[in-house]
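Read top to bottom, the protein sequences are chains W and Z. First residue of the first sequence? That's 1 in full-length UniProt numbering, and the numbers climb one at a time after it. First residue of the second sequence? That's 1 in full-length UniProt numbering, and the numbers climb one at a time after it.
Among these hints, one or two may not hold up.
Pairs involving identical chains hold if they fit within one copy or between any two copies, as the list cannot separate such chains.
Using 27 Å as the maximum straight-line C-alpha spacing, the simulated DSSO-like pairs for lysine-lysine come out as follows [stated by the list, open to error]: (1) K337 to K141; (2) K682 to K606; (3) K112 to K343; (4) K352 to K589; (5) K337 to K294; (6) K149 to K200; (7) K152 to K381; (8) K434 to K479; (9) K200 to K67; (10) K337 to K474; (11) K381 to K149; (12) K434 to K474; (13) K317 to K112.
It should be emphasised that the hints constitute simulated quantities derived from the structure, not laboratory data. Source: prediction; values computed, not measured.
2 protein chains.
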Amino acid sequence: MTNISKFILLICFCYTTTSSASAQELRSPDNNLTLKFSLGNTGSPVYQLSYKGKSVIKPSNLGFQLKNAADLLNGFEIADTKQSTFDESWKPVWGEVKIIRNHYNELAVTLKQPASDRFIVVRFRLFNDGLGFRYEFPQQKNLNYFTIKEEKTQFALAGDHKAFWLPGDYDTQEYSTTTSNLSEVRGKMKAAVTPNVSQKTFSETGLQTPLMMKSKDGLYINIHEAALINYSTMSLELNDKDMVLESVLTPDAIGDKGYMQAPTQSPWRTIIVSDKAGDILMSKTILNLNEPTKFKDTSWIKPIKYVGVWWEMITGKSTWAYNDLDNVQLGVTDYSKTTPNGKHAANTKRVKEYIDFAAENGLDAVLVEGWNEGWEDWFGKTKDYVFDFVTPYPDFDVKELHRYAASKNVKIMMHHETSSSVRNYERHLDTAYKFMVDNGYNAVKSGYVGNIIPRGEHHYGQWLVNHYQYAIEKAAEYKIMVNAHEAVRPTGLSRTYPNLLANEAARGTEYEAFGGNNADHTTILPFTRLMGGPMDYTPGIFETKISAYNPENNSFVHSTLARQLALYVTMYSPLQMAADLPETYNKYKDAFQFIKDVAVDWDDTKVLEAEPGDYITFARKAKGTNNWFVGSTCDENGRTSTVNLDFLDANKKYIATVYADGKDAHYELNPKAYVIKKINVKKGAKLSQYCAPGGGYAISIIEIK
Amino acid sequence: MTNISKFILLICFCYTTTSSASAQELRSPDNNLTLKFSLGNTGSPVYQLSYKGKSVIKPSNLGFQLKNAADLLNGFEIADTKQSTFDESWKPVWGEVKIIRNHYNELAVTLKQPASDRFIVVRFRLFNDGLGFRYEFPQQKNLNYFTIKEEKTQFALAGDHKAFWLPGDYDTQEYSTTTSNLSEVRGKMKAAVTPNVSQKTFSETGLQTPLMMKSKDGLYINIHEAALINYSTMSLELNDKDMVLESVLTPDAIGDKGYMQAPTQSPWRTIIVSDKAGDILMSKTILNLNEPTKFKDTSWIKPIKYVGVWWEMITGKSTWAYNDLDNVQLGVTDYSKTTPNGKHAANTKRVKEYIDFAAENGLDAVLVEGWNEGWEDWFGKTKDYVFDFVTPYPDFDVKELHRYAASKNVKIMMHHETSSSVRNYERHLDTAYKFMVDNGYNAVKSGYVGNIIPRGEHHYGQWLVNHYQYAIEKAAEYKIMVNAHEAVRPTGLSRTYPNLLANEAARGTEYEAFGGNNADHTTILPFTRLMGGPMDYTPGIFETKISAYNPENNSFVHSTLARQLALYVTMYSPLQMAADLPETYNKYKDAFQFIKDVAVDWDDTKVLEAEPGDYITFARKAKGTNNWFVGSTCDENGRTSTVNLDFLDANKKYIATVYADGKDAHYELNPKAYVIKKINVKKGAKLSQYCAPGGGYAISIIEIK
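Whole structure, please, built from the sequences with the hints as guidance.
Structure, rendered in structure tokens:
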């Protein structure tokens, strides 16, 4: 080789080295997903993602605007890159499957910003079903304490996708999902922002996560975050000219977006991708991006099937409040001297009826709301010292109910409505948890209804994210399980803190009594809200016309009765409520049998069919058994669901009990028309089942031993 | 009498009746003060105050602007009036005198606002030395929960008074007092607002309370508040055209000024008046307006004379921090693996030296600052989890020091610097107090340096007033005494909560090391800051040139040594620090003898002479003895103080030890020139004592038995 040739070769090699020093590529284990990272002209970090050769995320910027400090947006050099592989399996304490495989290829890029002498790390983990990436801020001389003005993470989309979206909001997720193209978001935002007692939208094109999308060529894309700890919740701002989403963090009372102390990191930003809708539902990436649990003993953590003194108040039949005063002062008002309103449901006698029902039907617990002093004036008054979480109403006998429940092997589920008076809750937290332990409660439903106190903070800001975490970790010290309502939507933290059983954090069944949910609501939620963790959806309403309980309430549940059964399978949660009243269930014992039988913990899960907004059919294997449960939900159109029971064991026989819509069923016009049939099935059996508009079916498949 | 005469008589009578139905008059028990209340043309409540016929407060408005509700400013009718008298005496747990007489005439005016069907009560209490009045909001149908937009209490002054003022500020009181006419406030405000790590002025003519004034014809007037509980701190806005002061409450993070639930009340607004300056100092009106204590057992509350590991850090000789890291994480940073900086004062050996000194000199306690993890990066970083209040540095042996101190009958005073991370403090409060009890601590100095977290709140807003109160009440549950620094200035709450021994809440001795205080500072503070309660002024600095401790610090204490002794008498507090270092005191044992001898609790107090800004001389009788202590402080001019010891008992003989400035003493040029002389005295003895510029004298008068 001549010198010139060598020289040219050297140049080519250097160029290659230089290119590979600036442009990084990472592939998923199965090679379907490709991540590329590079620096733009101004030294800005840029990433892009493609799936089977199709662009999912076009070149998108990364970085931060800081307050009173130079931004971390450009002027970077790549100081180091490291690639690695991880492949381990782990067992969740509870879950949809017994074993979860955590398999990814990782790229960690150390970026140095010479002008400021600071460096950050961007870590990418590419799974077969998606990408997670986060920012890391190692301890270093020139980056110590810093305040985030805004995170500037872009997700440049490859098209005007169909999206299943909620308005971006710093305080509520309780909106109905709007299904539209991204280009239509702006025009539909006004109608989408329905009233809520605590809400704060930030943009005409602001969106919440999890955000579910489907491209025109059939790619399913879900954007969310994982491991949201000590950081502000991410929403997305849509630039609907370019179809670029950009992160928007939730501000605090003075407009700052995050207070950071190095060494620290952001949550993982997640992009789950597949050409199969079912893969989105089955993704464990968000869980996998969370840290393993450090809990030494998890034996006290058990899934719960429960009923509750709740729906009768939601419908307006009963009240949380004991009397009709409009002004009470804890520790001052002598409730025993007031006139009860005669509609207070959480009284000893009534609670015992629920306990009896739970015991008769093998349910684990009875939630009781309205047991404690303070409900007369708790709502909408920005009241600071609103509850003390330990003082019962005169008609709720704590000790007697403890004894009675224990004698029936039923737990009472505690209720801590905080009324968003968060300092007040924290002041009482140890006392409240100790009260629970002393009186036999091992699980609490907490709530954050109303605007946050301290005023100016938002439900999803760093301040409150820190609080929810504090409540969960302290609960674990007391071996208490938590079901937090109106709190931040989950981001897979249950892996690390398995006592966080569920959240609400979306528009749940209660809204069926507040005007109704869309008939397709539950064909969407698993693709959106449930991506980060279980939802306490509280299904199981059999008496769908609310006027049956409260003549003044004309709402109705937009669901057939059969579909209500299906939800125990399609809306995964380790905490499942049979939300209707015992006396109603007793009128439909044959249908209720499914709720008695259905498991709340699983060894395996399959998506039999799914299309967001249209239908979802799951099959799940009950933990420690060979029994399966199938559930199917569909939209307002109704359909015929055809599934193959090929997940059954080849050498076993089963009895399948099918709870289905009657042929004339309709979620509004004829919701209670259901049929139950028993059939023998074995592996490979095909089922073709009619689903009414707003309907579905549920099947228990019990091994014949 | 003719019919016409009767008719005229009737009209006169009705007119008189009508007048007296609208105009109310109240007199002090000695008749010197007259309060008049009436309704103005628009039904606005108006009050005025005069003293010995001279106007003190010209007709001034009262009322409130509410948020999202009709104002409570006008449209009132007088629905009821009640006059009463109260005359009782009570014994404070600690104080300047043994018995306090509470003697006032009261007028309670019920005002109804027909347009809104609401009513309030304005209650006036007229003492011989001043007026207190407050608003009350009884429980009623149309006034339940309400938010204050602003309180609109006026104090229309009768002239352009000389005022001793601090800039109105929502976060700090650590300004030097400016002495000027009210008309000069605007022009002097800029210079008055010196830098502070947490400050928020609100107006070019905004003022803090207590506000001390002197009219041109020699009337002393002091405005403040009493019983500030669950309400926002009041500052004053001066309209310098009309010489009208108006209340300005401290806003919260969203600009609201108070969240109220009826039945409730505002604090008392107080106007202390006399033509004798000494009467202002002796006033007990603010204490009297507070509720009696409900504490059943107060035996654990005892005044404290203490030294402390503190001044050596304030001067810069030592550090609070253990090492020189700029970033620590509690529970993560392993301090035992870090390199100590060699200047950490709060180590076991050094603390024992202070304990020895305290034991040798009959002092009660040793304050130790910098004993706990977290001081390396606590300041100015808005750090949330900044201290845990229980984890000592590696060189501070909690158990050993507990044992050692107890063996010497000395207490260690706990230190809780919160760094204004208030949620963090509350989260740790029970644990921190329990740690104190378990380790022999019965008193805590707390601090709130820096901007408040939750961000957006202010040191003096309702949110923080509520927090300080929470900390005091919880401390009482643990039998802990509290000395709160950087918290709200006191308003007499120690009557109700006698475990609140003192606050800082003003510019104290530490500022002598941060550039110095004015030489007349202590001739003003008793007329201003001390009106609401004791100040932990921490006097007793003998080595007044800070460079003796830290060559890099050129500050000096603007005081002679003799005046430092006087401050133990002139700056009343049940908690008194001998702030200098033991090794310095050991060089001046003769002068230190006064600090050993002076009492911290009193049976009687006399003002021998006083003029705000010029000089104050107090005499106090030590509790349970016949001994007296005299202290005199003067301004930068120096003077000769002539006093009469006519308060001594007639039939007793005493030895007076006089600690005075040397003839050439000067606070800057020759501060340590002092002379000590012993003389026999008896009742009626006259003393004529030279006081140097920035000087004074201290006298112990011990009974010869």
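Regarding K112 and K343, is the shortest C-alpha distance of 27 Å or less found within a copy, between copies, in both, or in neither?
neither (66 Å within a copy, 35 Å between copies)
Which holds for K381 with K149 at a C-alpha limit of 27 Å: within a copy, between copies, both or neither?
Close across copies (16 Å), not inside one copy (32 Å); limit 27 Å.
If the cutoff is 27 Å on CA atoms, where do K200 and K67 land: within, between, both or neither? Let me know, please.
Both, since 23 Å and 20 Å are each at most 27 Å.
Treating 27 Å as the Cα threshold, decide for K337 and K141: within, between, both or neither.
Only across copies: K337 and K141 sit 19 Å apart there, 65 Å inside one copy, limit 27 Å.
Intra/inter-copy verdict for K317 and K112 if alpha-carbon distance must be at most 27 Å:
Close neither inside one copy (63 Å) nor across copies (39 Å); limit 27 Å.
For the identical chains here, do K149 and K200 meet the 27 Å Cα criterion within one copy, between copies, both, or neither?
both (19 Å within a copy, 22 Å between copies)
For K682 vs K606, is the C-alpha pair at or below 27 Å within one copy, between two copies, both, or neither?
within (16 Å within a copy, 101 Å between copies)
For K352 and K589, with the copy left unspecified, which applies at a CA distance of at most 27 Å: within, between, both, or neither?
Intra 20 Å, inter 77 Å, cutoff 27 Å: intra-copy only.
First find the shortest C-alpha distance between K337 and K294 inside one copy, then the shortest across copies, and answer within, between, both or neither for a cut-off of 27 Å.
between (49 Å within a copy, 25 Å between copies)
When no copy is specified for K434 and K479, does a C-alpha distance of 27 Å or less occur within a copy, between copies, both, or neither?
both (10 Å within a copy, 23 Å between copies)
How would you classify K152 and K381 at a CA-CA limit of 27 Å: within, between, both, or neither?
between (37 Å within a copy, 23 Å between copies)
My question is about K337 and K474: at a cut-off of 27 Å on alpha-carbon distance, are they close within one copy, between copies, both, or neither?
Result: close neither inside a copy nor across copies, 36 Å intra and 29 Å inter.
Hint check: violations occur at hints 3, 10 and 13; the rest are consistent with the structure.
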